[in-house]
Amino acid sequence: MNSDVMFYLLAGMILVFSVLTVTSRKILRAAVYLLFVLVSTAAIYFMLEYTFLAAVQLTVYAGGIVVLIIFSVLLTSHISEKAIMADTKQSLLSALAVCAGAILTLITIMKFAFVPSAEPAKTSTVTDVGNALISYDRDGFALPFEVISILLLAALIGAIIVARKEKDVDKNVIIK
Amino acid sequence: MTGTIPLQSFLVISTLMFFIGIYGFLTRKNLITMLMSIELILNSVNINFVAFNKYLYPQNLQGHFFTLIIIAIAAAEAAVAIAIIINIYRNFRSIDVDNVDELKF
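Here the protein sequences come in this chain order: A and B. Residue 153 in the numbering used here sits at position 153 of the first sequence, with consecutive numbering throughout. Residue 193 in the numbering used here sits at position 17 of the second sequence, with consecutive numbering throughout.
The hints are simulated quantities; they were obtained by calculation from the structure and are not laboratory data. Keep in mind that a hint or two might mislead.
Unchecked claim - No farther apart than 27 angstroms at their CA atoms in a straight line, the calculated lysine-lysine pairs in the DSSO-like style are these:
| no. | chain 1 | residue 1 | chain 2 | residue 2 |
| --- | --- | --- | --- | --- |
| 1 | B | K205 | A | K111 |
| 2 | A | K89 | B | K205 |
| 3 | A | K89 | A | K26 |
| 4 | A | K26 | A | K111 |
| 5 | A | K26 | B | K205 |
| 6 | B | K205 | A | K165 |
Unchecked claim - Take a look, some chain A residues computed to stay more than 10 angstroms from chain B by CB distance:
| no. | residue |
| --- | --- |
| 7 | V19 |
| 8 | V60 |
| 9 | S77 |
| 10 | F114 |
| 11 | I134 |
| 12 | D137 |
Virtual Cβ for every residue (Gly too), placed ideally from N, Cα, C.
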């Protein structure tokens with residue numbers, strides 16, 4: 001009973017702050033609303049007893065990505081600058097398309113009879129997660145783990161190369 | 177912990193969040209706010225994976241690890257996207273999609 005109230009509170013928070021994220025005129029506020037959405041999602045993971053996942057959500061999403069977004073907002077726009085919104089016609093058409101898609105999906109979800117499994121839940125403590133990430137048997141995830149580490153390294157180097165200032169190139173142009 | 181909450185409640189939340197993200201992606205003009213809409217979409221997919229894992233296949237952890245990997249990919253994507261956005265800002269002095277039309281034919 002108690003967890004029900006908590007769940008619907010979190011659901012309401014997620015929906016309200018999602019709408020505010022995409023409609024707020026001030027970009028910095030939109031970033032903070034996004035932070036609230038991500039923290040509420042982490043709370044839902046805690047309710048589902050995936051504690052490690054919730055911790056990762058809090059540290060990587062709420063701690064990492066939102067800070068990155070806020071920094072880039074501060075680098076690229078004035079703090080009181082207001083975002084330009086789409087004109088009324090475009091907003092209306094987008095809202096229409098989005099409502100149609102949402103209603104179709106919701107009807108499909110409500111029609112489908114999901115059968116919850118009665119099997120005992122596998123625990124997901126840090127030990128379980130760590131063992132699964134390095135094992136290569138049937139329930140192991142060693143290959144995705146290695147691939148994702150290479151992807152992260154590539155993204156790290158790529159981001160540095162793309163974002164740094166290219167002084168040497170300008171010099172060459174002047175010499176030529 | 178989940179008590180009497182049906183699986184459908186989670187799916188309804190993630191559906192609404194997904195389509196709110198799509199709406200933001202279609203109507204926003206600023207590149208950073210479009211990136212935030214993409215984060216909303218990715219997050220709604222994560223909720224779906226976790227809810228299906230918990231309700232339909234609790235004996236496995238596949239949805240859990242899928243979500244973990246999506247979070248890592250979202251972090252990588254955000255880092256590269258923000259590097260590109262900062263570069264665009266240097267060249268155009270603006271990050272509104274209407275002003276960045278150099279490649280437009």
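Check on A:D137 being off the interface with chain B, judged by Cβ distance over 10 angstroms
holds, 13 angstroms
Should the label of A:V60 as a non-interface residue stand, given a Cβ cut-off of 10 angstroms to chain B?
violated, 5 angstroms
Holds or violated: A:K89 and A:K26, Cα atoms, limit 27 angstroms.
Between A:K89 and A:K26 the Cα gap is close to 21 angstroms, so the pair holds against 27 angstroms.
Please work out if B:K205 and A:K111 have their alpha carbons no farther apart than 27 angstroms.
Cα-Cα ~37 angstroms, so violated.
Non-interface claim for A:F114, where every Cβ of chain B lies beyond 10 angstroms
violated, 5 angstroms
Is it true that the CA of A:K89 sits at most 27 angstroms from the CA of B:K205?
Roughly 14 angstroms between the alpha carbons, so the hint for A:K89 and B:K205 holds.
Quick one: work out the minimum CB distance from A:V19 to chain B and report holds if it exceeds 10 angstroms, violated otherwise.
violated, 6 angstroms
Holds or violated: are the alpha carbons of A:K26 and B:K205 at most 27 angstroms from each other?
holds, 13 angstroms
Hey, A:K26 versus A:K111, does the alpha-carbon distance stay inside 27 angstroms?
Outside the cut-off at roughly 39 angstroms; violated.
No chain B beta carbon within 10 angstroms of A:S77's:
Since the minimum Cβ distance to chain B is about 7 angstroms, A:S77 lies within 10 angstroms and the statement is violated.
Can we trust that A:I134 is non-interface, i.e. its beta-carbon lies farther than 10 angstroms from all of chain B?
holds, 12 angstroms
Under the criterion that the straight-line Cα-Cα distance not exceed 27 angstroms, is the pair B:K205, A:K165 satisfied?
holds, 26 angstroms
Violation of the numbered hints given earlier is confined to hints 1, 4, 7, 8, 9, 10; the remaining hints are satisfied by the structure.
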